[in-house]
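**Student:** Can you make the complete structure from the sequences, with help from the hints?
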Amino acid sequence: MVPLSHYLALGAVVFVIGAAGVLMRRNAIIILMSIELMLNAVNITLVGFSRQWGDLTGQVLAIFVITVAAAEAAVGLAILISLNRDRSVLNVDEVNLLKW
Amino acid sequence: MIKLAWLIPLFPALGVVINGFFGSRYTRDKAGHIAALMAGLSFLVVLGIAFEMIFGSGGKHTIHLWDWISAGKFSVSVAFLIDPLSTIMLLVVSGVGFLVHVYSVGYLHGDPGYPRFFTYLNLFMLSMFLLVLGDNYLLMFVGWEGVGLCSYLLIGFWYEKQSASDAGKKAFIVNRIGDAGFLLGMFMIWVLTGSLTYLEVFHVAPNITEAGATAIGLLLFIGAAGKSAQIPLYVWLPDAMEGPTPVSALIHAATMVTAGVYMVARTSPIYVMGPGALEVIALVGAVTAIFAASIGLVQNDIKRVLAYSTVSQLGFMFMALGVGAFGAGIFHLMTHAFFKGLLFLGSGSVIHALHHAPEDQQQDMRYMGGLRSKMPITYWTFVIGAVAIAGVPPLAGFWSKDEILANAFFTGHHFVWVLGSVAALMTAFYMFRLIFMTFHGEMRVDHHAREYIHESPYSMTVPLMILAVLSVVGGIIPGFPPEGGWIHTFLAPSLAKGSAGGHAANEAVQFVRVSAKSGGGHGGPAAVILIILAIAIAVGGIALAWFMYLKNTAVPDGLASRFPGLHRLLLNKYYIDEIYQACIVKPIYRLMGSLWSFDANVVDGSVNGSSLITLVSSRFSGIFDLKTVDGAVNGVASVTKFFSQVFKFIQSGMVQNYLFVMLLGVFMMLSAYLFR
Amino acid sequence: MELLFFYLFAAGIIGASLLVVTRSNVIHAALLLVLTFFFMSGVFVLAGAEFLAVVQVLLYAGGIMVLYLFSIMLMNAEVSVRLRQFHRQSFFTIVVSLILAAEIWWKVLGGGAAYPAFKGFSWTLGTTPGNVEALGSILYTKYLFPFEVASILLLAAMIGAIVLAKRTIDR
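Chains as they are written, first to last, in our numbering: chain Y, 1 to 100; chain S, 101 to 776; chain F, 777 to 947.
Any given hint might turn out to be false.
[Stated by the list, open to error] Taking lysine-lysine and the BS3-like style, the derived pairs with C-alpha atoms no more than 30 Å apart in a straight line are:
| # | chain 1 | residue 1 | chain 2 | residue 2 |
| --- | --- | --- | --- | --- |
| 1 | S | 130 | S | 261 |
| 2 | S | 261 | S | 686 |
| 3 | S | 173 | S | 103 |
| 4 | F | 918 | S | 103 |
| 5 | S | 173 | F | 918 |
| 6 | S | 474 | S | 651 |
[Unchecked claim] Covered stretches of chain Y (chain F as the covering partner; in silico rule of three or more C-beta atoms under 8 Å from a C-beta of chain F):
| # | segment |
| --- | --- |
| 7 | 5-17 |
| 8 | 25-38 |
| 9 | 50-56 |
| 10 | 75-87 |
Think of the hints as simulated: they come from the structure by calculation, not from any bench.
Please read all numbers here as calculations on a predicted model, not as lab measurements.
The C-beta atom is built at its ideal place from N, Cα and C for all residues, glycine as well.
**Tutor:** In structure tokens, the structure reads:
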């Protein structure tokens, strides 16, 4: 039997790995992948709680998270493709137009 | 009919969809007709509801559509509240809105952004209906933000003009300051009453402590001051005149800017629990009224005079709310919508006629004059509007303005009353200065443009005439006799009665009311004196304008040269914009700039400098132990570089830096939460 | 036995995801991410969420990751292997991340002193949360509206992706 705390711990660790990936990497594709990792970490937590309380709401929420992740991946990759085409960069720290 | 209230916002929404998606391709020149049709349909529904409310049952009806947010104890639904207050507001918004739609069809004919304009205009109607109809503060806030957005979009409608897009941004940013106050006030309402729905909030309102009610009142008033252009947040409204004139008439005179007044009147049950907030409102309103009116005395741009006049009249409305005369405030809101809408549309008609004059002369009254014979309809309707705003009986402005001043006087706010009376004098003066400069005297229009001057098409003059009729009868029918008119009995269920601290004052008002009735509208010595004084003020202001701008035209210049300082002060609007620029905007820029330049000059400079020194020193002194020197200098350089990295995080333009700061924030919050 | 499998999957997830965020070759990273997702679906099976496990494999590993690989192919991403991989703020990031992880671990999950909110919280297992049928019925009844909203979101994302990635905009 797996206790809830194990799920939570696993979720926390994967989330932090994903967050670190988002902040550390320069390659935009890997950053998007790290975001996927963070989203999945949340899913682990949700499923863990769903198991704990015997309530399906957690799993429903996880399905919605996957939906959002799919949308995010599609739009994010489209942005990257157009960015790559226009400025032929893939590294986020070369894109700093937000500076005023 | 009341059950069909959901139709009211639906029609403009439909118009937004049609013109927004198909405007530029398909509807094109028909966009105006579609938008006007939608506004007209809404107006019909509103008329039906108003008929039922006025001649039928009255009362308060909640039309529940669906649950919007429900989380724990917090629940908000999308529901509409139809009560006397919202009925009056609906009538004003949809009526004036419909007329402005019709007017715009002619005014903007041929503009490349024609469908876009009507999309925005319908979107505005939709938001305004939500603001007025919502049965809770959150829905009102949705409408509140919606009208703010539309105001921004429409001020900057001619976005290729730098000044127009700047004015749009200014309006938006200044409004955000007010919105923050509104939000905080809303939070506080929820904390203190546990609900955001009006009826529930007002049910528990009597239990709120005075301090709590005052705090809510002041916070909400910050929001109202932003939207309704009160000191110190009024600066955006004069600039908003960069937008097309129908927009100025609809949004920046008749409807949106009165949203703050509506909000305060709606919240009256809370305000009466915190009289301190009401005192502040009364004073701010009175000061705004006289302040803006004095600026209006010397402005030369026809629309700017009207803009300052609007700010001043809004000050009157807040004055009324502040002295506890909520009904009089709403009454003035209504009459003001009629005559100020009329005046703005009339000025639009003038500008339309001067279409061929040089760009910078189209709105400048010094280059007008003598237009009376060329555009008689515009002239006569304009005169009616001006007489109405000046407060000459029996036109609309007299009844509402006189009620406000009488209320201020009899509730013991004598200082407010004095300020208001002087502002009323100025109002009469600058309105007729405007008329005499624009329509009378010799023609000063550019010779080339002279032959093109013509009366506007019917789609523009008919709304003018309708509004003129309303400006004549809109005051006396609902407002006679003073203080006891129909509008007060109708509005009574929606508004709290007087301010808690003003019970004695209430009796005074009661006294006036009774004496007015007993004497057939002429009794009560004090009331009669006040009325005579008000009429004298109005006529005096008009006469003064006549003397200075028709009879003896040398006087204004003589006065200006005799008091050059005062004249310049007024002409430059008390330098408020400059003061804001110097005290608020500049320091923020400077802070940003110094952070940036610290990075650019000090840090980078020291890095570059130290490496330069390294180069020079290594070249000149080969005998030194290169490693020692290099090491030291590199050490300095890398330390500086390290700090420059740290400081760069503040403004780097890189997403990851910002994300990192966000992570730091999460980390700090979590730590604070866990290690409490 | 179950616990053993959990540890196995957890170790797989953590190891693979660590590799995902450190590999310089994007394709390797993507394939490792697929591996992570497979392990995660194992965890989901252990938690009694069979439907989610299947979705994880089909949608994530099968759908989203294929999208990633296609994009990598389109973008000619191998070039970036030779570039510097890590951002300059990496050091701080690692420090903060480690502290954050430690904080969660020790304070929330209780290294002895559990977080107050979990006091009196039974860490024992609840009932098994049903099956695919139950999930389907709850999704199409109680959560019908959010479900429809999610479908609109997907539609919007699809249109947005097409517009963004379209090669040229001729007028």
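**Student:** The structure should be examined with respect to each hint, and the outcome stated for every one.
**Tutor:** Hint check:
As the CA atoms of residue 130 of chain S and residue 261 of chain S are separated by approximately 26 Å, the hinted pair is consistent with the 30 Å bound. Restraint check: the Cα-Cα separation between residue 261 of chain S and residue 686 of chain S comes to about 24 Å, which is no more than 30 Å; the hinted pair holds. A hinted pair counts as satisfied when its Cα atoms are at most 30 Å apart, and residue 173 of chain S with residue 103 of chain S qualifies at roughly 28 Å. Restraint check: the Cα-Cα separation between residue 918 of chain F and residue 103 of chain S comes to about 28 Å, which is no more than 30 Å; the hinted pair holds.
For the proposed pair residue 173 of chain S and residue 918 of chain F, the alpha carbon gap of about 20 Å is at most 30 Å, so the pair holds. Distance check on the hinted pair: residue 474 of chain S and residue 651 of chain S sit about 22 Å apart at the alpha-carbon level, within 30 Å; holds. With 11 residues bearing a CB less than 8 Å from a CB of chain F, the segment 5-17 of chain Y meets the requirement of three and the coverage assertion stands. Restraint check on the segment 25-38 of chain Y versus chain F: 10 residues with Cβ-Cβ distances below 8 Å, three needed, restraint holds.
Residue count for the segment 50-56 of chain Y with a Cβ under 8 Å from a Cβ of chain F: 7. That meets the three needed, and the coverage hint holds. Under the rule that three or more residues need a Cβ within less than 8 Å of chain F, the assignment of the segment 75-87 of chain Y holds, with 9 such residues.
Of the numbered hints given earlier, the model fails none.
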